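Please build the complete structure, drawing on both the sequences and the hints.
Just so you know, the protein sequences line up as chains E and D, in that order.
Just so you know, numbering that gives the first Met the number 0 puts the end of the first sequence at 551, numbered straight through with nothing missing.
Just so you know, numbering that gives the first Met the number 0 puts the end of the second sequence at 309, numbered straight through with nothing missing.
Quick caveat, the hints were computed from the structure, so don't treat them as lab data.
Computed from a predicted structure; not experimentally measured.
All C-beta atoms in this analysis are idealised placements derived from N, C-alpha and C, irrespective of residue type, glycine included.
Keep in mind that the hints are not guaranteed to be accurate.
[Claimed, not checked] Here are some of the chain D residues that sit facing chain E, going by a computed Cβ distance under 8 Å: (1) T70; (2) L103; (3) Q110; (4) M149; (5) L153; (6) F164; (7) Q165; (8) Q169; (9) T206; (10) S262; (11) M278.
[As the list claims (entries may be wrong)] So, partial list: chain D residues that the calculated Cβ filter (under 8 Å) puts toward chain E: (12) P125; (13) I127; (14) G131; (15) T132; (16) G136; (17) V144; (18) K146; (19) A202; (20) V208; (21) Y210; (22) N213; (23) V258; (24) A259; (25) L260; (26) L263; (27) A270.
[To be verified] Covered by chain E, per the in silico footprint, the following chain D stretches (three or more residues, Cβ under 8 Å): (28) 193-201; (29) 214-220; (30) 242-254.
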Amino acid sequence: MLQFGRWKLASIFAIIILGVLYTLPNLVPEADRYSINEIDNSREPRGIWRWIPSSTVNLGLDLQGGSHIVFEVNMAEVRAGQLETLAADARQTLRGETPPLLARSVAVIGEEVVVLMARPDDRDAAFERLSGLSQPVTTALGQPGLAQTLTVRRDPSDANAIRIAVTPEQLLAIRNRTVTQSIEVIRRRLDGLGTTDPTIARQGDTRVLVQVPGASDPDAIIAIVGAQASMSFHLVDETINPGPNGQARVPPGRTIYPMADSNPVQYLAVETASRLTGENLTQANVTTHPNYVGPVVGFRFDTQGALVFGDMTRSNRGQRFAILLDGEIITAPTINEPILSGSGVIGGSYNYETAQQLVVLLNAGALPASLTPVEQRTVLASLGQDQIESGQQAVMIGFLAVIIFMVAAYGIFGVFATLALLVNVILIMGGLSGIGATLTLPGIAGIILTIGMAVDANVLIYERIREENQLGRTPANALQAGYERAFSAIFDANLTTFIAAAVLYLLGAGPVRGFAITLGIGIITSVFTAFVFSRLLAVIWLRALKPKVLPL
Amino acid sequence: MSLALIRFLPTSANVPFIKIRMWAIAFSVLLVLGSLFEFGNVGINFGIDFRGGIQTEVRTAEAADVEAMRTVVGDLNLGDPRIQQTGDPREVLISLPLQPGEGLEGEEAQQVARRALEAALEASFPGIELRGTDVIGGAVSGELVVKGVMAVTLALFLMLVYIWFQFEWQFSVGAILALTHDVIATVGMFSITQMTFDLATVAAILTIVGYSMNDTVIVYDRIRENLRKYKKMPLGELLNMSINDTLSRTILTSSTTLVALISLYLIGGEALKSFSFAMIWGVVIGTYSSIFVAAPLLLFIGVKRESSDS
Chain E
0 MLQFGRWKLA SIFAIIILGV LYTLPNLVPE ADRYSINEID NSREPRGIWR
50 WIPSSTVNLG LDLQGGSHIV FEVNMAEVRA GQLETLAADA RQTLRGETPP
100 LLARSVAVIG EEVVVLMARP DDRDAAFERL SGLSQPVTTA LGQPGLAQTL
150 TVRRDPSDAN AIRIAVTPEQ LLAIRNRTVT QSIEVIRRRL DGLGTTDPTI
200 ARQGDTRVLV QVPGASDPDA IIAIVGAQAS MSFHLVDETI NPGPNGQARV
250 PPGRTIYPMA DSNPVQYLAV ETASRLTGEN LTQANVTTHP NYVGPVVGFR
300 FDTQGALVFG DMTRSNRGQR FAILLDGEII TAPTINEPIL SGSGVIGGSY
350 NYETAQQLVV LLNAGALPAS LTPVEQRTVL ASLGQDQIES GQQAVMIGFL
400 AVIIFMVAAY GIFGVFATLA LLVNVILIMG GLSGIGATLT LPGIAGIILT
450 IGMAVDANVL IYERIREENQ LGRTPANALQ AGYERAFSAI FDANLTTFIA
500 AAVLYLLGAG PVRGFAITLG IGIITSVFTA FVFSRLLAVI WLRALKPKVL
550 PL
Chain D
0 MSLALIRFLP TSANVPFIKI RMWAIAFSVL LVLGSLFEFG NVGINFGIDF
50 RGGIQTEVRT AEAADVEAMR TVVGDLNLGD PRIQQTGDPR EVLISLPLQP
100 GEGLEGEEAQ QVARRALEAA LEASFPGIEL RGTDVIGGAV SGELVVKGVM
150 AVTLALFLML VYIWFQFEWQ FSVGAILALT HDVIATVGMF SITQMTFDLA
200 TVAAILTIVG YSMNDTVIVY DRIRENLRKY KKMPLGELLN MSINDTLSRT
250 ILTSSTTLVA LISLYLIGGE ALKSFSFAMI WGVVIGTYSS IFVAAPLLLF
300 IGVKRESSDS
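Shown next as structure tokens:
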């Protein structure tokens, strides 16, 4: 216990030096560590920081300010859409293939598509055909899996009926695909806005977490992330009067939509079937156009989209077409001449910001489902700064009080414990920086708590040494026995606190996890500093002064 | 080295803890029953994390007029608002209850209410700064409650298993009873003081569980050692000796932890108030339970002792 081999010594110092190196950047202003490239705003470590760690601890949103929003992906909507598509496919299969089979009705009822055949004799043939709609589920790797997408069954209580349901495996695959696609779309949108360091992550089964540092207006994020941005192009039917409230009855195949930004709200009747959708767009940008005052949004179709758009404008000259975005008509210009170039503009009452927002939405594509915020936390940077300052003060004062306590109780050994505590805090900071963990306000609380509890190991050891000393052992013997005997208690006791920290990390949400991390790191470092580092100090002291009695 | 040491703790204490165990047990039973009664009767002042709803921390240009705020927020008809002044006269914490509504529509309703609240505050109190806003919907707050309960239960269970492996089963029963005692007493304390019980409080309770366990393990470790050393000593005497052996350590560690926590409570800011309050109480009750509950319980449960010749 009192022997430190050369390698042991080297590794103790290596650990401490690493801790100091990783802590150091937190004490030096960013401007001294990095040179900022003016052109693309990228930063490079400069001077000595090229060779040693230059990044600081990540501050949680509660300390640096920003918005944290959790969105729920509306899966009910996706499932309903899925069933509608399935019903359409079923109709097509029965009617379209030869010989056509006559169905009385094909309808979505609950979570199933129910097909009622006109004659019971057709049911077996229809069953065969509808069973063909089911395919192997596409797995996450894009491979066909073992499970089927649909269950098709004959209704035992109705000789005309066939029931089609989506299998749980397919629902799971759809859910995963929808959430993954949503995350991709959100990322493209936030990147398009030039948002700095957003965090976008899946949370649970159907939720997406979006964290934007520095964003003090959550509504701006909700507007850009939550918009479904499903866009489609329709011909306007001007023979139909939509009525003052858009409540007029319309023939099949026509739908009435409100005009965006109109006051009082105006309505137009359009063809329900879209000619083109946002998926045919390749690129959008903010530009100007001689026909409009202010900025407009220019867009370009892909090859196929350009062909369809060209045909539509050629054969409907003089008519109007409407561009629908999330259930609202954003523009409905008259076709003056065929547009064969495959590009166009959306004009209206845009300012630069709203135009830019639409461009970002169009370029990033539509979300596969709508998103609803279910949790939102926003902190202003100034509040975060206040919290950092009060946290720092509390750490300092707590530290000072503990030092006074330890030195009063244990004299020179209290000084060793204090040095160990100092190294402990350095190792915690270094550890947090090194593993790229996030420091939150509860995390600071974790550091303060660790400072209070870290001396426990030292106290245990010193109490033990004191006892052994009173039994009449020599200082070296007492020291040796004290460290040896205290170890099992220290280990057991710290492991229990570590279990609590681990549970917190696994089940805790957001900032509380930050607490669990600092507590967990703090437990490991405090055992190291108390058991290894303070022992080294005590041994050096013992060798240097060779005391006859221990001052304990 | 002649640094004068303040020997404020006796090096060889001999407090008859075991003798007064009946008083301690009676006190603990009363504490637990009282806490449960208080919890059942008055309930807990759950924070926004568990209640759901909207909460915003505002700073006004001049000293805040709480009554005017109550009127402005009350006029929104978004449920019974809570308006609470923090230490700073310019800072106020405003919260609205969970807005009614099913499913995703209910979630939208929270956001609508937040916008209404923000707009009303900004219109009525020029220069007001909305420093931090939390909106927690019904689904999330429900899950947080479940997760919090799960976390505490899981932590207790893991401790039980750990102590069982490290010691004998009698020890793990004693430890778990002591821990449950601490958790219930903390819940009772929050019920009496009506301090806000939020996510950070659950973190505090888990840490209390860890801390109290830590204390208990130290005493148990000494009991185990003494059991091996003094095979003939009556159990009561042995327990008493073990508690006394570790007493100065227990008091010192609790003191340094308390000192650190009190500094956190006093200057750590509003957001950590209920956390540090829970921790301070937890350290006190955890230290008490290790000495007065966990160890004496072994006397009731009984401990298997090796025969003297093994």
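To see whether the hints hold, each was checked on the structure:
no.: 1; hint: T70; result: 25 Å, violated
no.: 2; hint: L103; result: 5 Å, holds
no.: 3; hint: Q110; result: 6 Å, holds
no.: 4; hint: M149; result: 6 Å, holds
no.: 5; hint: L153; result: 5 Å, holds
no.: 6; hint: F164; result: 10 Å, violated
no.: 7; hint: Q165; result: 6 Å, holds
no.: 8; hint: Q169; result: 16 Å, violated
no.: 9; hint: T206; result: 6 Å, holds
no.: 10; hint: S262; result: 4 Å, holds
no.: 11; hint: M278; result: 7 Å, holds
no.: 12; hint: P125; result: 17 Å, violated
no.: 13; hint: I127; result: 12 Å, violated
no.: 14; hint: G131; result: 4 Å, holds
no.: 15; hint: T132; result: 5 Å, holds
no.: 16; hint: G136; result: 4 Å, holds
no.: 17; hint: V144; result: 12 Å, violated
no.: 18; hint: K146; result: 5 Å, holds
no.: 19; hint: A202; result: 5 Å, holds
no.: 20; hint: V208; result: 5 Å, holds
no.: 21; hint: Y210; result: 7 Å, holds
no.: 22; hint: N213; result: 4 Å, holds
no.: 23; hint: V258; result: 4 Å, holds
no.: 24; hint: A259; result: 3 Å, holds
no.: 25; hint: L260; result: 6 Å, holds
no.: 26; hint: L263; result: 5 Å, holds
no.: 27; hint: A270; result: 6 Å, holds
no.: 28; hint: 193-201; result: holds (count 3)
no.: 29; hint: 214-220; result: holds (count 4)
no.: 30; hint: 242-254; result: holds (count 7)
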